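Trainee: Single-letter residue listing:
2 protein chains.
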Amino acid sequence: MSSGNVKHDLFAQFARIGKALSNANRLELIEHLAQGERSVDALALVSGLSIANTSQHLQQLRQAGLVTSRKDGQRVYYSLSGDDVVSLFDGLRRVADRHLAEVAQLVSAYLDTKDSLEPVPAAELLARARAGEITVLDVRPPEEFAAGHLPGAINIPLGELALRLGELHPDREVVAYCRGPYCLLAFDAVAHLRQRGLQARRLEDGYPEWKVAGLPVESEQSD
Amino acid sequence: MSSGNVKHDLFAQFARIGKALSNANRLELIEHLAQGERSVDALALVSGLSIANTSQHLQQLRQAGLVTSRKDGQRVYYSLSGDDVVSLFDGLRRVADRHLAEVAQLVSAYLDTKDSLEPVPAAELLARARAGEITVLDVRPPEEFAAGHLPGAINIPLGELALRLGELHPDREVVAYCRGPYCLLAFDAVAHLRQRGLQARRLEDGYPEWKVAGLPVESEQSD
DNA sequence: TATATATTCAATTGAATGCTTGAATAAGCT
DNA sequence: AGCTTATTCAAGCATTCAATTGAATATATA
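Heads up: the sequence lines are chains A and B, in that order. Residue numbers for the first sequence follow the numbering used here, so the first one is 1 and each next one is one higher. Residue numbers for the second sequence follow the numbering used here, so the first one is 1 and each next one is one higher.
Note that these hints are calculated values from the structure, not bench results. Hints may contain errors.
Distance ranges between label pairs, derived from CB positions [claimed, not checked]: (1) V86(B) to R62(A): 20 to 30 Å; (2) P142(B) to R75(A): 35 to 45 Å; (3) Q74(A) to S39(B): 54 to 64 Å; (4) V86(B) to V76(A): 35 to 45 Å; (5) R172(A) to T68(B): 44 to 54 Å.
Pairs of lysine-lysine, DSBU-like flavour, derived with a Cα cap of 35 Å [claimed, not checked]: (6) K19(B) to K71(B); (7) K71(A) to K19(A); (8) K7(A) to K19(A); (9) K7(A) to K211(B); (10) K7(A) to K71(B); (11) K19(B) to K7(B); (12) K211(B) to K19(A); (13) K7(A) to K19(B); (14) K7(B) to K19(A); (15) K71(B) to K71(A); (16) K19(B) to K19(A); (17) K19(B) to K71(A); (18) K7(B) to K211(A).
Note that the structure is predicted; figures quoted are calculated from it, not measured. Note that the Cβ used here is the ideal one computed from N, Cα and C, for glycine as well.
Taking the hints into account, I'd like the entire structure generated from these sequences.
Mentor: Encoded structure:
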């Protein structure tokens, strides 16, 4: 009995975390937080939830130990409570990928519709970027950007795109890229930008392919 | 919008898995299944749930893609759908360990009460085992047992203990051990056996310590 | 001191969850 | 064919959840 109770209590604690992961909106918040500390209203904006609702979900995540918060001035910043949360989220994604048929369907549908976005070949990007006709957008995290990126590219991670639209020239076509041809970040970015009325396409490949092809790159140091 | 919907749908799928992990009883079922394929009634027995309730939880786990089932004769055997489920569960446990104060409290309370179980020193176990006064019980998984175990030990993984009590001599004291001094399997086994009215204590250390101390071991090959 | 801004709290509503109970399948056994 | 065992299905009840709404705290700015 004593062992049984403690064990069950322990599982009940684990279940609190499972419960925190049992809602799509909370998972979306976690994904945004995986890119760094965010305030409540920034999270509400990117997730499309009301402020109050966002706040309440964040509190549930905090009670489950998945996020922490700090108050600075009149706003509260939330962040993931550790890298283990990221890998837990990854584990969730991986299991879903492998064992839920619905996920495979969604992903393939996703990629299909995206092919209608007419990707830009590397040579075309290079020529038009040199001519100043396009904005080259790198949607990877800053660390990866710093390690190397396309010449003249500006770096706005996908999660910050909604907040930093002002940094893009409104009349110039945007060409987005990320890690590789199947990296979803660039798809998302293009879809997002088009929604906002900008002209946007994605690079046919990603940064690694570009580099391997011997095309010019920049890194923070060489700048 | 299109991107937003697909993305949200994708998260909704991930959330299904989170939901499956949001209940203590389901987590307990997963833990048992991590030790191998089990029938519904075996799971109901070890988890203390009603048959119908167990069946329903298992169906939820199956719908979330975490377990699969096969029918053999008149019974249905469930098993985890992959190793990724085990590591997902591990991730859950790890996050809980690190970020939930309640878990730390429970675990320390657990270990405290267990110290009242007066662990058996290695030398005493060796002497009394040779004299045939005690049953030496290894509660680790069969693979680990096969790789090496204490001389004369019998192997009943913790999850099977409830089902295989009959294999233990009812009047002989049982000394249980597992991986190490903080391995909870042996604690659980002792608590469980005492509940069932057997005399039981645990070895002070675990198998690795025993082996390192130069005490005699057996393995399946040398048998 | 008044007035925004950012966040949280509290109350409410409709839907979902966990568990129980009793009936319905379905596969052996005699 | 009957009987037993193992599992699933279906209905019902108390509890919990997600989201909305409007009010309540803080913290800044004028």
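Trainee: If a hint holds in the structure, say so; if it doesn't, say that too.
Mentor: Outcome of the hint check:
1. Evaluation of the 20 to 30 Å hint for V86(B) and R62(A) yields a pass: the beta carbon distance comes to about 28 Å.
2. Here the CB-CB span from P142(B) to R75(A) is close to 55 Å, at odds with the stated 35 to 45 Å.
3. Distance hint check: the CB atoms of Q74(A) and S39(B) are about 58 Å apart, consistent with the given range 54 to 64 Å.
4. Checked against the hint of 35 to 45 Å, the pair V86(B) and V76(A) passes, with Cβ atoms roughly 36 Å apart.
5. Checked against the hint of 44 to 54 Å, the C-beta distance between R172(A) and T68(B) comes to roughly 52 Å, which is consistent with it.
6. For the suggested pair K19(B) and K71(B), the alpha carbons sit about 26 Å apart, so the restraint of at most 35 Å is met.
7. A C-alpha spacing of about 26 Å is found between K71(A) and K19(A), which places the hinted pair at or below 35 Å, so the restraint holds.
8. With a C-alpha separation of about 18 Å, the suggested pair K7(A) and K19(A) falls inside the 35 Å cut-off, and the hint holds.
9. A distance of roughly 29 Å separates the Cα atoms of K7(A) and K211(B); the hinted pair therefore holds under the 35 Å criterion.
10. Restraint check: the Cα-Cα separation between K7(A) and K71(B) comes to about 30 Å, which is no more than 35 Å; the hinted pair holds.
11. Among the hinted pairs, K19(B) with K7(B) is consistent with the structure: their alpha-carbon atoms are about 18 Å apart, no more than 35 Å.
12. Distance check on the hinted pair: K211(B) and K19(A) sit about 42 Å apart at the alpha-carbon level, beyond 35 Å; violated.
13. Among the hinted pairs, K7(A) with K19(B) is consistent with the structure: their alpha-carbon atoms are about 20 Å apart, no more than 35 Å.
14. A hinted pair counts as satisfied when its Cα atoms are at most 35 Å apart, and K7(B) with K19(A) qualifies at roughly 20 Å.
15. Taken as a hint, the K71(B) and K71(A) pair is broken in the structure, with Cα atoms around 55 Å apart against an allowance of 35 Å.
16. Of the pairs offered as hints, the one joining K19(B) and K19(A) holds, with about 6 Å between alpha carbons and a cut-off of 35 Å not exceeded.
17. A C-alpha spacing of about 31 Å is found between K19(B) and K71(A), which places the hinted pair at or below 35 Å, so the restraint holds.
18. Of the supplied pair hints, the one linking K7(B) and K211(A) holds, its CA atoms being roughly 29 Å apart against a limit of 35 Å.
Checked against the numbered hints above, the structure violates hints 2, 12, 15; every other hint is satisfied.
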